[in-house]
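K.L.:
Put together the whole structure using the sequences plus the hints.
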Amino acid sequence: MKSEAVDKTIVVDGVNISYRTSGPVNDRLPLVLVHGTAGNIDSHFGFLFPMMAFRQRVIGINLADPGTETIAIEQFVAQVSAVINAEVPDGAVTLLGYSMGAPIAAKTAHTLGTKVANLILVAGYMKTDTHQKLRGHIWLSLYKEGNPLLKNFMSFNAFSPFHMRSRSLEDMLAGTAKMNVTPFLAKQAELNTRIDVLAECEELQARTLVVGLSDDFSCPKHHSKAMFGTIIHASYTEIATGHAVVHERPAELFYHVNRFCNDPECYPVGKVVPAPKP
Amino acid sequence: MIIDKKIVIIGAGFTGLGTAIKLLKAGQDDFVILERRPDVGGVWLDNNYPGIACDVPSHFYSFSFRLKPDWSKIQSPGGEIQEYLRECAEEEGVMPFIRFNTDMVESRWDATAKYWVIKTSHDTYRCKFLLTGAGHLADEFMPDIAGLDTFPGDVFHSARWDHSIDLNGKRIGVVGSGASAIQIVPEMQKIASELVVFQRSAPYMNIRNDHAYTDAEKRTFERNPEVLEHLRAWIFWFGEEQYAQRRMVPKYIEDAKNVAMAHMENQVADPELRKKLTPTYQIGCKRRLSSSSYYPAVASPNVTVEATALARIEGSKVYGTSGNSYEVDALVFATGFEAVRMPFTKRVFNAEGVSLDEHWDTGMQALDAIAVAGYPNLFVIYGPNTGLGSNSAVYVIEAQVDYVISALEYLEQNQLSVFDAKPAAEEQFMDHIHDVAEGTVWLDGGCRSWYVDERSGRLTVIWPDFPHIFREELSKFRPSVYELSA
Ligand SMILES: Cc1cc2nc3c(=O)[nH]c(=O)nc-3n(C[C@H](O)[C@H](O)[C@H](O)COP(=O)(O)OP(=O)(O)OC[C@H]3O[C@@H](n4cnc5c(N)ncnc54)[C@H](O)[C@@H]3O)c2cc1C
Chain A
33 MKSEAVDKTI VVDGVNISYR TSGPVNDRLP LVLVHGTAGN IDSHFGFLFP MMAFRQRVIG
93 INLADPGTET IAIEQFVAQV SAVINAEVPD GAVTLLGYSM GAPIAAKTAH TLGTKVANLI
153 LVAGYMKTDT HQKLRGHIWL SLYKEGNPLL KNFMSFNAFS PFHMRSRSLE DMLAGTAKMN
213 VTPFLAKQAE LNTRIDVLAE CEELQARTLV VGLSDDFSCP KHHSKAMFGT IIHASYTEIA
273 TGHAVVHERP AELFYHVNRF CNDPECYPVG KVVPAPKP
Chain B
36 MIIDKKIVII GAGFTGLGTA IKLLKAGQDD FVILERRPDV GGVWLDNNYP GIACDVPSHF
96 YSFSFRLKPD WSKIQSPGGE IQEYLRECAE EEGVMPFIRF NTDMVESRWD ATAKYWVIKT
156 SHDTYRCKFL LTGAGHLADE FMPDIAGLDT FPGDVFHSAR WDHSIDLNGK RIGVVGSGAS
216 AIQIVPEMQK IASELVVFQR SAPYMNIRND HAYTDAEKRT FERNPEVLEH LRAWIFWFGE
276 EQYAQRRMVP KYIEDAKNVA MAHMENQVAD PELRKKLTPT YQIGCKRRLS SSSYYPAVAS
336 PNVTVEATAL ARIEGSKVYG TSGNSYEVDA LVFATGFEAV RMPFTKRVFN AEGVSLDEHW
396 DTGMQALDAI AVAGYPNLFV IYGPNTGLGS NSAVYVIEAQ VDYVISALEY LEQNQLSVFD
456 AKPAAEEQFM DHIHDVAEGT VWLDGGCRSW YVDERSGRLT VIWPDFPHIF REELSKFRPS
516 VYELSA
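Each protein sequence line maps, in turn, to chains A and B. So the first sequence is numbered by our numbering: it starts at 33 and just counts up by one. So the second sequence is numbered by our numbering: it starts at 36 and just counts up by one.
Don't read these hints as lab results, they were simulated from the structure. Take these hints with a grain of salt, some might be off.
As the list claims (entries may be wrong) - Partner residues aside, some chain B positions facing chain A, computed with beta carbon under 7 Å: (1) PHE66; (2) ALA268; (3) PHE271; (4) GLU275; (5) GLU276; (6) ALA279; (7) VAL284; (8) LYS286; (9) HIS503.
Said to hold, decoys possible - Rough simulated footprint, nothing fancy, chain B against chain A, three-plus residues with beta-carbon under 8 Å: (10) 276-285; (11) 296-310.
Note that the Cβ used here is the ideal one computed from N, Cα and C, for glycine as well.
P.N.:
Printed below as a string of structure tokens:
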């Protein structure tokens, strides 16, 4: 079982979008991965992408700065749609969005209709609420004043207290020091303060798995529960981590993604599927 | 005397006891456990060398249906694990079903009568179903060393520690540098006048994150069962994440290697010794070990690492393949177990009189890692392709026990009494296993290990996928892959 990854690019609205494909073509639908704020294929799907690619075709997208002063979610939707249409001209896909990638994926699914047969929304949200607006306000204020505490603020919101308990303060600070705060990231943070894909979610027909995270301080799980309630063919499960599930417990995320991709019926519509008890 | 039972179980370790507990819970009590030793525990009874402990955290290296809030340490000592197993056996009512000091000498399938006939060191048993929980690390492996019979000092294997021998102040040789050796060496370093470690290949090692639990912590687990469940899940999924490294995902290989090398460099200053202790194969190809006391021990003035295998012995002089020689008073063989050709397989015969060992002449294999075509009504637990590189064996054992219970239920509900693996299904399953194993560090990591059968070059001991996939796919009987009859 081996899988070679191929890096490619596509031009969307005059901007180069890089993406990566890997994995065998088989009876599973290709899985398309959309990362979240401050992420890319490697940082958010460093585990999920290669491990899923041993089992099926996977396409990961690096969202790119469209070059405009602010970003409209439609611009990211255009980037994701372009990659899907280029790589999977015929047939349907499973689309996964994590964090900010979740509303992008939901809106893409709405735009592409039956092309997105299955949808996985991890730590997502449909509409920015006051808690998130306040977070965004602090984020952007720290950014504007060039405050180095911004990086600490980001990791404070990213990881669960339980995860931090197994690290020292020095470890946590060293980890945050590696983060890269760019103008593109600031634009993502600004976009996060005005997300609204509620109407699209109400109309979605895709078979959807919503994954909430029990200790998520960025997109608390009530957002995921609301998505589970809103999307007609949705099921729900929860992982006991902070927002950074892709770092805290990537293997448990893999477990759900792999099962759902193999057979969505493992997650009955309208049902909460409990976490596996090892 | 001939005794009839529905089920005979060989072995009273995690497998035998776990099966018995689940059988009793399912309302089945027509069974017996045959155990050659005088007590329960399996490897945890046999292995009582100084320093023994598990290397998967105890809160996960235990039955999911019998959590123990008061484990003394993150990775508890072997004796405590053996006591835990005894407590399980006693409190779950299993003890009366065990026949101790009873060696299974021969098991034969009678195709006409459709039962197994089991000869033991005492009675003969006849049963419908035979379940082996004889362990793949139950029988010690002693290398054939020229001149061993000329050695005048004390010699024993790590799994047969001779506690009557006083090793204080002696010149001790430890043969091996695997999981047992790295626990034994720090203890021997404390008492030996001189210690030489024969290391055929250097292991990769991580810090051992271990500490004793306080009473308050133990009470926290006891009073908040969900805290314990959360911890178990955390340990489990952390273990699952390690699989990416076995799968040779470059970033995970690099990270793991860096962590292990940094640990060694933190603890060993001497560049010569560092060189000897640096592995020459890919990380994970052999079992990754954890110890915070091994490197300091081998860096001590009274210890020499002989970075070659033990080659021969002349009296009290022991030689490495390098030609270096050492005078020693005692030799401890921490040389592992007969995992690739488990000795009990020489004692299990099909109706044609072919032993499992002969049948598996190019390597062991089993449909769904549990059943062997031509050997009806036999469940081999913790046998071929069940070893894990990154998680608790008990997790796999429990999945297999669930498979057994569901098989028995299915047969009973459908008034069937004999199952036999379809040969084509077994081959298909094995092709799948070997396909998954391709490209893993166990096959491509450039080491020689007991995970691979040298006769076929195939990975026969290890489960090559995520452990959770084992439970997903192999904890329920699949009637379609068996020939079933009344
Ligand atoms: C030193 C050591 C440390 C380990 N540490 C870990 C760890 O930290 N984590 C982990 O996951 N795994 C560990 N293991 C692996 C261990 O083998 C399994 O975890 C588990 O204990 C296997 O249980 P079992 O019941 O299948 O086999 P065993 O414990 O090996 O029990 C087999 C039993 O069968 C009996 N038997 C065998 N043949 C016969 C016969 N012919 N007649 C009658 N009785 C027979 C034996 O006497 C024995 O009691 C360790 C193994 C060893 C040796």
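K.L.:
Hints first: check each against the structure and report whether it holds.
P.N.:
Here's how the hints hold up against the structure:
no., hint, in the structure
1, PHE66, "27 Å, violated"
2, ALA268, "6 Å, holds"
3, PHE271, "4 Å, holds"
4, GLU275, "4 Å, holds"
5, GLU276, "5 Å, holds"
6, ALA279, "6 Å, holds"
7, VAL284, "5 Å, holds"
8, LYS286, "6 Å, holds"
9, HIS503, "6 Å, holds"
10, 276-285, "holds (count 4)"
11, 296-310, "holds (count 4)"
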